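Colleague: Take a look at the letters that make up each chain.
Protein chains: 2
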Amino acid sequence: MKNILITLSFLLIACATPKKEKAPPAPLPSWANTQVKENILDYIKVITDPKNPDFIPVEDRIATFDNDGTIWAEKPVVQGLFAIERAKEMGMKVSPRPSEKEFLKIVLKTHTGMTDEAFEKEVKEFFDTALHPTYKVPIDQTVYQPQLELMQLLKDHGFTIYISSGGTIEFMRTFSQRLYQIPGERVIGSNFAYAFEPKTNQLNRLQKFEFNNDKEKKPIGIQRNIGKRPVIACGNVGNEGDVQMLRYSQGSKYRSLQLLVNHDDGAREFVYGEPKNTSLNWAQQYKWNVISMKKDWLKVFPDKKEAVE
Amino acid sequence: MKNILITLSFLLIACATPKKEKAPPAPLPSWANTQVKENILDYIKVITDPKNPDFIPVEDRIATFDNDGTIWAEKPVVQGLFAIERAKEMGMKVSPRPSEKEFLKIVLKTHTGMTDEAFEKEVKEFFDTALHPTYKVPIDQTVYQPQLELMQLLKDHGFTIYISSGGTIEFMRTFSQRLYQIPGERVIGSNFAYAFEPKTNQLNRLQKFEFNNDKEKKPIGIQRNIGKRPVIACGNVGNEGDVQMLRYSQGSKYRSLQLLVNHDDGAREFVYGEPKNTSLNWAQQYKWNVISMKKDWLKVFPDKKEAVE
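Line by line, the protein sequences are chains A and B.
Here the first sequence is numbered in full-length UniProt numbering, starting from 1 and rising by one per residue.
Here the second sequence is numbered in full-length UniProt numbering, starting from 1 and rising by one per residue.
Misleading hints may appear alongside valid ones.
[To be verified] What the simulated footprint calls covered on chain A by chain B, stretch by stretch (three residues with Cβ under 8 Å from a Cβ of chain B suffice, anywhere in the stretch; the number is not a length): (1) 131 to 142; (2) 189 to 201; (3) 218 to 226; (4) 245 to 255.
[As the list claims (entries may be wrong)] Cβ-Cβ distance ranges computed for the label pairs, FRET-style: (5) B:P53 to A:V94: 40 to 50 Å; (6) A:A23 to B:N39: 30 to 40 Å; (7) B:P57 to A:G158: 20 to 30 Å.
Hints listed in this document are in silico derivations from the structure and should not be mistaken for laboratory results.
Since the model is a prediction, treat every value here as computed from it, not as a measurement.
Using N, Cα and C, we set each Cβ at its ideal position, and we do this for glycine too.
Chain A on its own, in the form it takes in the complex (with noise of 0.2 Å):
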C-alpha cells in the first residue's frame, strides 16, 4: 500500500510540474524583419484581440489573394502555359508568339469541348510531367514559399481564405487543396459560358468567356461568391489587375489591411512592373502595404524537394 501511494504521488508531482515550454516558432520565418511584416503582425494583433476596439469576430475575418503573381510565379501565366503545351499535344498548329486572337483559340479549345473529369485528368498531367521554363522544376515549387507562411498564419488567427483570379475555375480547383489547402468553393475565378444537358447530365463549357474575373470584376466575384468585403486583400503589380480588390477592401467597416507584391528581384525571379505605374500609384495613393521581394522575403521559393523516385 505505501509502495502504491508513493508511486501515485510521484505520477501527481510530475503531472502538476509546469513543463518548460519551448518558445513558438517565430511567426514567418521566410519574411525579413521590415516594416511590412511589423504591420501585418501587428494586424493580426489588434483585430484579434477581443479587448481592443478594431476587433474583427471571426466570421468577417476574410482575405482574399490574387494567384499570378501574388502567391506563385506568373513568367510565365501557368494557365496559359498549360493551354499551349496541351493544344501541340492534341496536334495544333501553335505559332512561336501567337497573338492574342490565337492565343484565344488555343484556350478555347484546349478548355472546352471536354469533360470535367477528363480536363482534370488533363491539367493532372501537366503538372505532373511540367517543368518551368526558367527555373527548370516541376510547377508546385514555384509558389511563394512567404505567402504560404503568411496565409497559413491567418488562417491560424480565425481567418478564411479565398483566391480571386483571372484564372478560370475549373483550372484552379485542381491544385487549390494541394498546393495551398483552399479548397474549390474558396475559389474565384473567371469563366466560360455554360450550357446544361440534362439528358447527359453534363454541365457544358461553350466556346467563349462569360466573366473575366480580373480588375474591376474582382469586386462583383466577391460579392457573388462571399457577400461580404475582404478585411485583408493581396495581390500584386503586374497588370493592373488587383487594384480594385484592394480598394474595395479598403471599405470595410473594420480595420483592413492591403498588401501589393512588387516584382522587384531580379536576382531570384523576375522583374516588372506597368507602363502607367497604376497599382504602385494607388498603392501610394491608399496607402496600401507594398511588399517588396527584394527587401522583404529572405526566400522566394520553397526549398528544393527531393526528387521523388
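Got chain A sorted already, so can you dock chain B onto it with the hints?
Modeller: Here is chain B on its own, set in the frame of chain A:
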C-alpha cells in the same frame, strides 16, 4: 491511508459504471413515418458509414436547397411582397395587379440605387413589420418546420448546406443566417449587374439583371460558387425552377438524393402545380422522392411564438 484508498476505489467504480443513457430524440419529428422519411434516413445512414461502398467523405457532402416554396412559403413570393411594400413606401404608384413590365420596374427601383447598408435596413424593417397576407404572422414564421429539421439533421451528419434560389443574393443574405443558419457565402442566387466606383468605394447595383439563378442556370450558379455537384438537392413543384438542379445532383459520382416538395395540402398551406406538370414528370422519369406536404409532414409551420413585447 486505508480510508483514502476505499474512497478512491468507490470513485473509480462510479466512473467506470456506464451511465444508463437516455435515448436520443427520434429524428425529423415533424415528418410522418412514411416512405419518404425512411428513404432520407436510410440515405444518411448509408453515406455516413465508412464501411459502406456508398460512403461519402465529409468534404463532398454538399446539399443545395431552393428557398421559395421549398423551405418557406411562396404564396406570395416574399421578395415580391417586399418590393411592392417598399415601392408604396417610396411613393411609387403600384397597380393592384402589376404587369410583368411594371413589376420589373418596381423591383429595379426598390433594389438598386442605395448602399448595401441602406438596403439591409429596409429589408430588416420589412421583416420586422410585415405580416403574411393569408396567415397574418411575421414572415419569419412561414418557414417550413420539417425542412428546418431536415437541414439540421444533415448538418449534424457533416453536410454543408447551400441555398440555390431565384431570389437576389443581397435580399436573401439578410435572413439566411437568422432563419436557416446558412451564412451568406453559402447563398447562391440571382444578381443585378454591378459597377464598382473606386472613389466612393461602392459596388453599385445597376438597373438590370445580370444573372437569374433559376431553371437551367442553377447548375451554373452551383459550378461557380461551389465547383462540386451536390449529392442532395431539394426543390419544389411550382414553376419548374428546380428540375435541372435535381437532375444535376443525380450526375454525382456518389449515391445522391433528390427531394421535390409537392404543394398538395389545401388545409394547411396552398395547393398549386404546373400547367405542363414538368417537375412531377421529371420526378417520375428520374425517380426522385416527391414530398407530399399533406402526407409526409405532420406540421408545416413552426409553432407560433409568443408575441415579443
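Colleague: Now look at each hint and say whether the structure bears it out.
Modeller: A quick look at each hint next to the structure:
no.	hint	result
1	131 to 142	violated (count 0)
2	189 to 201	holds (count 6)
3	218 to 226	holds (count 6)
4	245 to 255	holds (count 4)
5	B:P53 to A:V94: 40 to 50 Å	holds (44 Å)
6	A:A23 to B:N39: 30 to 40 Å	violated (56 Å)
7	B:P57 to A:G158: 20 to 30 Å	holds (24 Å)
The structure shown violates the earlier hints numbered 1 and 6.
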